[in-house]
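Enquirer: Sequence:
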Amino acid sequence: MKYIKKKKEPKSLTDKRNTEGSIYECAQLDWQKQLLNEQGYLCAYCMRPISLERKNEKPCMEIEHYLSRYLCKQRKLDLGLRWQNMLGVCNGISGSEFHCDKTKGNKGKANGKVELNVLNPLNVQTSEEIVTYTPLGQIIPNTHNTALKEKIIEDLNCILNLNNENLRLARKDAMDRAKEFLIKNNPTGTWGVKEIDKEIVNWKSKTKDGRYRAYCQAAIWFLEYLKSKPIHKS
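Going by this note's numbering, the letters in the sequence shown line up with residues 8 to 241, in that order.
Any given hint could be a false lead.
Claimed, not checked - With beta-carbon atoms standing in for the labels, derived distance ranges: (1) 33 to 197: 51 to 57 Å; (2) 85 to 211: 20 to 26 Å; (3) 153 to 84: 16 to 22 Å; (4) 30 to 153: 26 to 32 Å; (5) 26 to 102: 40 to 46 Å; (6) 130 to 102: 18 to 24 Å; (7) 26 to 114: 34 to 40 Å.
Just so you know, the hints here were simulated from the structure itself, not pulled from any lab data.
The beta-carbon is built from N, C-alpha and C at its ideal position, and this holds for glycine as well.
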């Protein structure tokens, strides 16, 4: 999960919220465009690429309320039209798997009555720092606190289903690509901290068209993992 730094909300959202009786009905184009810009065209939960395109008759991006509209209503919170509660997410389908805000089941985000325990992409501590990865692409808690670990596992595996096989393989592929770039740029077959750090910067940076590389945090973890080894070679 990648940290998202929110920017100033679109004027059209401010105007809508200031109109008496207004409620969230559907996503507006300028809202979607700004979310794409803020998030570098990555899903707020799984880091899969998102865009305004449609594939297989499904949108490649949707707007998700971090705290669902149902829970906002139950708690009498006016967050339906608040920019800080809006995230750009993928359509939640990878093969036959549902994930992110489309996760099914009693504990799945899709039912609208479930709230994430810990994970929140709008806070660096509860997004990039609270999770880590394995060389096989699994995303796991980054804490020794047993109670906190159990809550994060529920967020990852039950509420968001981020360790389904399709997403795990996609993160593993990002790690493999990171290593391939290292090998390509260092044909002698060895590299040091300097070369790895340069590749880490690439994965942390947006491209010229404002996009982050898919599953970038998994690749960054893998590069840091390589850097921790005493010998760096292909």
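Enquirer: Run the structure past the numbered hints and jot down the numbers of the failing ones, going up.
Expert: Checked against the structure, the hints that fail are numbers 2, 3, 4, 6, while the rest are satisfied.
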